[in-house]
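This is what each chain is made of:
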Amino acid sequence: MLSERTKLGLLCLLLLLVLGCLVFTTISTVQAVRHFQQEYREVKAGDVSTIHPWMTIHAVSRIYHVPENYLYCSLHISNPRLFRHATLYDIARRRQQPVDQVIHTIQDTILAYRKASPRLFMSAPARIMQPLPPTPEGRTSY
Amino acid sequence: MNAFFVSALQQYGYPVLWLIVFVAAVGIPISGSLLLFAAGAFAAFGDFNLLILFPVALSSAVTGDALGYFIGRRVGTPLLAWFERQKRFRFISGQTLQRGRAYFRRKAAWAIFITRFLIVALGGPTNFLAGIERYPYLRFLCWDVSGQTLGAIIPLGLGYAFAASWEEVAAIFGTFSGFFFVLLVALLLSVQLVRKLRQSKSVSLAKTEANEELPPLESKTGGGSDSLPILD
Chain A
193 MLSERTKLGL LCLLLLLVLG CLVFTTISTV QAVRHFQQEY REVKAGDVST IHPWMTIHAV
253 SRIYHVPENY LYCSLHISNP RLFRHATLYD IARRRQQPVD QVIHTIQDTI LAYRKASPRL
313 FMSAPARIMQ PLPPTPEGRT SY
Chain B
-2 MNAFFVSALQ QYGYPVLWLI VFVAAVGIPI SGSLLLFAAG AFAAFGDFNL LILFPVALSS
58 AVTGDALGYF IGRRVGTPLL AWFERQKRFR FISGQTLQRG RAYFRRKAAW AIFITRFLIV
118 ALGGPTNFLA GIERYPYLRF LCWDVSGQTL GAIIPLGLGY AFAASWEEVA AIFGTFSGFF
178 FVLLVALLLS VQLVRKLRQS KSVSLAKTEA NEELPPLESK TGGGSDSLPI LD
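First to last, the protein sequences are chains A and B. For the first sequence, my numbering assigns the number 193 to the initial residue and increments by one for each residue that follows. For the second sequence, my numbering assigns the number -2 to the initial residue and increments by one for each residue that follows.
Chain A stretches covered by chain B per the calculated footprint, using a threshold of three residues with CB under 8 Å from any CB of chain B:
# : region
1 : 201 to 210
2 : 231 to 243
3 : 250 to 259
4 : 268 to 279
Simulated restraints, written as ranges between beta carbons of each label pair:
#  : chain 1 : residue 1 : chain 2 : residue 2 : range
5  : B       : Cys139    : A       : Pro290    : 47 to 53 Å
6  : A       : His296    : B       : Trp79     : 56 to 62 Å
7  : B       : Phe67     : A       : Leu303    : 54 to 60 Å
8  : A       : Leu208    : B       : Gln83     : 30 to 36 Å
9  : B       : Ala158    : A       : Gln223    : 19 to 25 Å
10 : B       : Leu138    : A       : Gln223    : 35 to 41 Å
Please keep in mind that the hints were generated in silico from the structure rather than gathered at the bench. Keep in mind it's a predicted model, so treat the numbers as computed, not measured. Note that CB positions come from ideal geometry on N, CA and C, so glycine has one too.
Chain B on its own, in the form it takes in the complex (with noise of 0.2 Å):
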């Protein structure tokens, strides 16, 4: 599949690479990122300008990125709305929903950056997510692009230093990217654990104490010689 978009890359230009960065932005499984990896390399190898290859790949991406924002917004919001209502989301409370779509909504300028160049291959749901909660366009776009930005200079950058091994190189990013996620969803999970246990910790001190506040119960201890002192 890579092999046959190179091939395409390199008989058809630069139009191949807006449509395939497109596509790959709007959220269509393939990896436009490659195929930056690999224009980055043509560049050094003289077949292509790094001065077109930049603007080409960053208008395809900002495009494919708003055109997935505005599926989001206008198919997403419908369609969440009637399966709330159809009552499909019994595995998941209601209450929780809302709790993720607030968190979404306070981390979405950070959502959208990040998988611009370092998730990527969370960038298609993100653009759908931002368009679902009608996160305001202009500063989705603002986030895109420089996210985007990045996205656009790392791979071509990359690329064009280490031409003859851009494959080893988009590997190297492509698990490094995978490697950022979990690691991110690791200290997520482990924030959450560190919450719940101090909460069932104070709510155990909490009831220690009640008991505490309790009267001794003399009647059955017998208050015998070997039964510890009762302190006030």
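Chain A with its partners taken away, still in its complex shape (with noise of 0.2 Å):
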């Protein structure tokens, strides 16, 4: 069996190796409260950078206020309800690209669509009823 002076060495070791854990989780936990503020302020300035796979159209279309059919329109889909469930990352497995592929023409469309109408972006999102610019594809969508 061990002594009583090795198993106190061994418990110093083993604490001294846990507060080394401690000081990690922290740094982690502080780095990860950072990320958030970070991603959330961008959120509400509608940075188009915070897009993620797991967005659905729907979803895109609510934080980045752009009409669902625009952005339908922008990935060449005829047919939204089929897709009303499928996150961005299930519409490239569907359509076999990359989904950062995906991700990247649905900023570009935001960003037309807010060149195009830099009124209807800074207004209220109620008003995507309004006529819209056309989508990159030139038809117009409602």
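Build the complex from these two chains, which are given one at a time in their own frames, with help from the hints.
Structural data, given as structure tokens:
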């Protein structure tokens, strides 16, 4: 059996190790909080870099105040009902494309929409029923 | 993996949520709470109803926990007895094992409660241990339902409140969970260390007192002027 002095030494060593882990987890938590704060600010500002693969077209439309049909048109989706619950990850999988490419298309579409109708973007999101600017394909959606 | 589960949640709705949370509660390493954050976020976008999500999450988690508990009770107890007979615990003495089991029995209620919502990763092993220790099932259920109520409300509520940033909130929750667990271990080790130090101090004090009771060795010190006087 181990002597008392050895047990004490092992306990000290274990405590030091755990304290090291405590410092590491504290830093991780602080970093996660900072990352969240940054992301939250960006989302509030409507930054398109915060689009994630988990988002559906409906969610993108709600967060970035862009009409759903406009986004569906940009992705050449003719039957939006089939994609109502599809995430961007799912859309990319069905189209056999990398998800980044789908996200990039959505980002471009949002930016084009904002450029074409800055007043619409600045005003409340409830105005989406107004006539919309042409989609990247040249069609007008409602 | 997470993107796949979130896509499945969107495609198939409540049954998938029930199934994944149930499997996670049994002890399979899948993040059930992450999916609850996602479900809360989707509820904010109008895809799910929070009033349905809550009973679905609670019922699946409690059923999964019960299955884990009964697996521990049916399989774990005889398995542990068999291992003890096989003398496979040579690196852990029987006395230490018994002490550990007694400690778990004393703190089981808190362990069950906390691992439902704060240290979620240890939920499965805790159910299994509670089953092995034959912790009374009604008491287990009581603490389980209390903990799982918080375990469902917290991620669903936070997901709903911070819908667009639910992934980041879930990351904070995960790292905080790890931080809390390590803090708990550090506190327990500190208490152990202080106890050991006090124990060794009292032992050395007792030794000193025993030495003081012995007659002074005058013949060896010689009683010279440079030697310290021994006080009675």
